[in-house]
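Same order as they appear, the protein sequences are chains A and B.
Sequential numbering of the first sequence, starting at 1049, is according to my numbering.
Sequential numbering of the second sequence, starting at 1049, is according to my numbering.
You can't tell identical chains apart in this list, so a pair holds if it fits in one copy or across any two.
25 Å max Cα-Cα, derived DSS-like pairs, lysine-lysine:
| no. | residue 1 | residue 2 |
| --- | --- | --- |
| 1 | K1387 | K1106 |
| 2 | K1149 | K1164 |
| 3 | K1387 | K1455 |
| 4 | K1138 | K1149 |
| 5 | K1313 | K1394 |
| 6 | K1108 | K1387 |
| 7 | K1395 | K1374 |
| 8 | K1098 | K1108 |
| 9 | K1149 | K1301 |
| 10 | K1532 | K1503 |
| 11 | K1399 | K1310 |
| 12 | K1313 | K1301 |
| 13 | K1108 | K1399 |
| 14 | K1138 | K1164 |
| 15 | K1073 | K1395 |
| 16 | K1073 | K1387 |
| 17 | K1310 | K1395 |
Calculated from the structure, these hints are not laboratory results.
2 protein chains.
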Amino acid sequence: MGKELKELTSRSENYSQWYNDLVIKADLAENSSVRGCMVIKPYGYAIWEKIQSELDRKFKETGHVNAYFPLFIPKSYLSREAEHVEGFAKECAVVTHHRLKSDPEGNGLIVDPEAKLEEELIVRPTSETIIWSTYKNWIQSYRDLPILINQWANVVRWEMRTRLFLRTAEFLWQEGHTAHATEAEALEEAKKMLNVYADFVENFMAIPVVKGVKSPNERFAGALETFCIEALMQDGKALQAGTSHFLGQNFAKAFDVTFVDKNNKQDYVWATSWGVSTRLIGALIMAHSDDNGLVLPPTLAPHQVVIVPIYKQPEQLAAITEQAEKIMNLLKKAGISVKYDDDDTKKPGWKFAEYELKGVPVRLAIGARDLENNTVEVARRDTLTKTTVSADNIEIYVSELLAEIQKNIYQKAFDFRTSVTREVNSYEEFKVEIEKGGFLLCHWDGTPETEEKIKEETKATIRCIPLEGDQTPGVCMVTGKPSKQRVIFARAY
Amino acid sequence: MGKELKELTSRSENYSQWYNDLVIKADLAENSSVRGCMVIKPYGYAIWEKIQSELDRKFKETGHVNAYFPLFIPKSYLSREAEHVEGFAKECAVVTHHRLKSDPEGNGLIVDPEAKLEEELIVRPTSETIIWSTYKNWIQSYRDLPILINQWANVVRWEMRTRLFLRTAEFLWQEGHTAHATEAEALEEAKKMLNVYADFVENFMAIPVVKGVKSPNERFAGALETFCIEALMQDGKALQAGTSHFLGQNFAKAFDVTFVDKNNKQDYVWATSWGVSTRLIGALIMAHSDDNGLVLPPTLAPHQVVIVPIYKQPEQLAAITEQAEKIMNLLKKAGISVKYDDDDTKKPGWKFAEYELKGVPVRLAIGARDLENNTVEVARRDTLTKTTVSADNIEIYVSELLAEIQKNIYQKAFDFRTSVTREVNSYEEFKVEIEKGGFLLCHWDGTPETEEKIKEETKATIRCIPLEGDQTPGVCMVTGKPSKQRVIFARAY
Chain A
1049 MGKELKELTS
1059 RSENYSQWYN
1069 DLVIKADLAE
1079 NSSVRGCMVI
1089 KPYGYAIWEK
1099 IQSELDRKFK
1109 ETGHVNAYFP
1119 LFIPKSYLSR
1129 EAEHVEGFAK
1139 ECAVVTHHRL
1149 KSDPEGNGLI
1159 VDPEAKLEEE
1169 LIVRPTSETI
1179 IWSTYKNWIQ
1189 SYRDLPILIN
1199 QWANVVRWEM
1209 RTRLFLRTAE
1219 FLWQEGHTAH
1229 ATEAEALEEA
1239 KKMLNVYADF
1249 VENFMAIPVV
1259 KGVKSPNERF
1269 AGALETFCIE
1279 ALMQDGKALQ
1289 AGTSHFLGQN
1299 FAKAFDVTFV
1309 DKNNKQDYVW
1319 ATSWGVSTRL
1329 IGALIMAHSD
1339 DNGLVLPPTL
1349 APHQVVIVPI
1359 YKQPEQLAAI
1369 TEQAEKIMNL
1379 LKKAGISVKY
1389 DDDDTKKPGW
1399 KFAEYELKGV
1409 PVRLAIGARD
1419 LENNTVEVAR
1429 RDTLTKTTVS
1439 ADNIEIYVSE
1449 LLAEIQKNIY
1459 QKAFDFRTSV
1469 TREVNSYEEF
1479 KVEIEKGGFL
1489 LCHWDGTPET
1499 EEKIKEETKA
1509 TIRCIPLEGD
1519 QTPGVCMVTG
1529 KPSKQRVIFA
1539 RAY
Chain B
1049 MGKELKELTS
1059 RSENYSQWYN
1069 DLVIKADLAE
1079 NSSVRGCMVI
1089 KPYGYAIWEK
1099 IQSELDRKFK
1109 ETGHVNAYFP
1119 LFIPKSYLSR
1129 EAEHVEGFAK
1139 ECAVVTHHRL
1149 KSDPEGNGLI
1159 VDPEAKLEEE
1169 LIVRPTSETI
1179 IWSTYKNWIQ
1189 SYRDLPILIN
1199 QWANVVRWEM
1209 RTRLFLRTAE
1219 FLWQEGHTAH
1229 ATEAEALEEA
1239 KKMLNVYADF
1249 VENFMAIPVV
1259 KGVKSPNERF
1269 AGALETFCIE
1279 ALMQDGKALQ
1289 AGTSHFLGQN
1299 FAKAFDVTFV
1309 DKNNKQDYVW
1319 ATSWGVSTRL
1329 IGALIMAHSD
1339 DNGLVLPPTL
1349 APHQVVIVPI
1359 YKQPEQLAAI
1369 TEQAEKIMNL
1379 LKKAGISVKY
1389 DDDDTKKPGW
1399 KFAEYELKGV
1409 PVRLAIGARD
1419 LENNTVEVAR
1429 RDTLTKTTVS
1439 ADNIEIYVSE
1449 LLAEIQKNIY
1459 QKAFDFRTSV
1469 TREVNSYEEF
1479 KVEIEKGGFL
1489 LCHWDGTPET
1499 EEKIKEETKA
1509 TIRCIPLEGD
1519 QTPGVCMVTG
1529 KPSKQRVIFA
1539 RAY
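Bound-form chain A, shown alone (with noise of 0.2 Å):
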């Protein structure tokens, strides 16, 4: 059955709904018959693996090795982090039993009671226990240091309410499992790793972040320190885009992972931990898209160009496809993805939506008076706007684009969070505020009752106490207690 022209939800009619119609239109993925579990379709894994190629690259850049480790953890290692153990172990997926076998009463397929398991295995919500106890084996000395340790993933949390991309009970990461020798070193990593994030989500993927650090509430279970990169999508809500750990010697404590210093002195070792996840989809989608569909950095775009032929007679359409060949071929010599859809089942009306919806970043139509004149068509996903040029050098005049529509995705997403993000000083402004979205920079007094009080409220939570920027201290607009920097509070993802 062919597609028809497919009618987003406008997102000032309904946000959450426009969200929830882009995903599935714009083919990135769909709910599947498993709770909670996502199938990535082409267009969106193909994104998928955009990120992955890129952040793989600064990984190794930066000198870590790709590993794997085990999809099961035994349930005793997930007690050993007390904090741990409480973060994880109400949404996770249990393995009991080995073996199915055929009802002797007849009805189908039945778990064998005589293949239970000695010990449950979890499914993997995060990998810290299983990989500090292997890592307990390769540690001896301060020669075994540091491990620099990534691994791409699936892991499963037992989500109660799910969003494709957003909160799925089995997602697909990356995470970073580092060990150190000194605190320093590791809080170090914990530091340049949320830095190759805020990097590549700013570069790569167009979105501004914060840099910040969380609030003891926002912590990651079994870490003393969180860093974060925070975003803001285009509903005045807060997405975390990415967190590094700086995990102390909690899980070396946890495993007895111990090493031997230049001084012969024994040690706990100190870690860090990090992630980011197909979140990042979601994140893309929120922050830059809009009533026509995807928008999609020059950087991640599956196919940067689509070339249009528009034509009315059959025969018209040879020297069109002869013009687009020339211009694919110039347009892959500059590294630009092109796609040429010769299509003759759609009409160019179709297309146009079509690839508006998909959110590449270039359209160039060709028609028989842009052959007679030697010019292209060239519409932009990001501004909607077309203008006619010369054929010749069109490689230069898209290339240029690309990068001017990179930017500008940039420099959109940056001025909607600046118009707002605005200092907020007293808890009933605070609560007007709120309502209308957007981060909100006030003063808080440090302590978890405060913010507990204000989440219960307002449902604000702190996204981060930022790392940059204005540090001057001030009073809680809560308490009226010191304060010593204003974090950001907002409604989040």
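Given the coordinates of chain A, work out where chain B should sit on it, guided by the hints.
Quick look at chain B alone, frame taken from chain A:
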């Protein structure tokens, strides 16, 4: 703790122990604390990344795209295809609960009985069922076909006896799942992917393979025809290196996936699936390596060249390093991956043994006399021979040498296979010959009964019915009944 020079068990002494020693000592993988699950260490994973990257390129070149389907399969899905469930239900990881809680009696964490799943979930042993339940929603018309999707994923099969890489409870693989409008197109796809695998394993992994068809006994559970590539290991045992299945309409029928063809007639969709796994790393090791360690074909070696400086006084090191850096730049420009090991805590002899163990194809050593003479000592891993050559144009010499090594490794494996492949014409002779290992080409009457009898009495199975080579009919060595062509018998991993 510094690593000591690592002695391997020799192949002649104990082949199986040699393999286990090598996997561990070359830092490829190790057993985890989870029964049957391995940890793939960075060096082993780097080889897998090279396998992935080349296969992924080939899949895309042949029109396939990647996607991702859920890890979990509802229990009822497995039962939909009768042979499929028979093949997988007896060894699978079953998720029954989604929460742990503190034991009220104080015995740590227990499974929360209130968090029992309505329907158990199986950790995928292969994804035909979950994928065809999804394809049902994607396919209505012939215009939606073909679907050419591949997935890179982890899968779990609860094997009772496991061995690193060769047979593990969890392993990494790719699984292609394609949907077609006609039987002929599906069959062509299954054969095309068999050829992609054969081409990859022969030219990239330097392992000769026989392309063939499985006998019904050895067919994939749910397939109408299983195509395979069979390799021979140095101990004379066979190893199935990849399979490509023609699934007919079995899964389409099981999940009611129909389409309307060009003539407006409704029919079930035709299917294939095909996969290779981390098992290939086991094949790689067993096909080429020797008593000194790994032998890697240059195409798969994480480092193709290592440079070791030879010096007595630290002062000499600076001059050698300068020369080494020049050479490294030349090699890198020629697309050769190279590592310089100037670690001064290790002696050259230790390094030589270490890089032999790790299978680095070419080792360059540079000493004071080499500087004087503008020479480099070149050692080949495959032949363990050394020669001294001019440092001028070293990149051309090394490039050609790497090509020569790739060819030689393949030829050596090919010659070995030829030397242990022979025709056997009586069952008495067969019983003697099978003890010596190798491929035995024998006539077989085509019945499962005869195959089963031979397996029970000799532990040999039909590895495949070859697609190429001698296809002369004859009489079965066991029953004397007619045989269409000789088939390959061997004991297998």
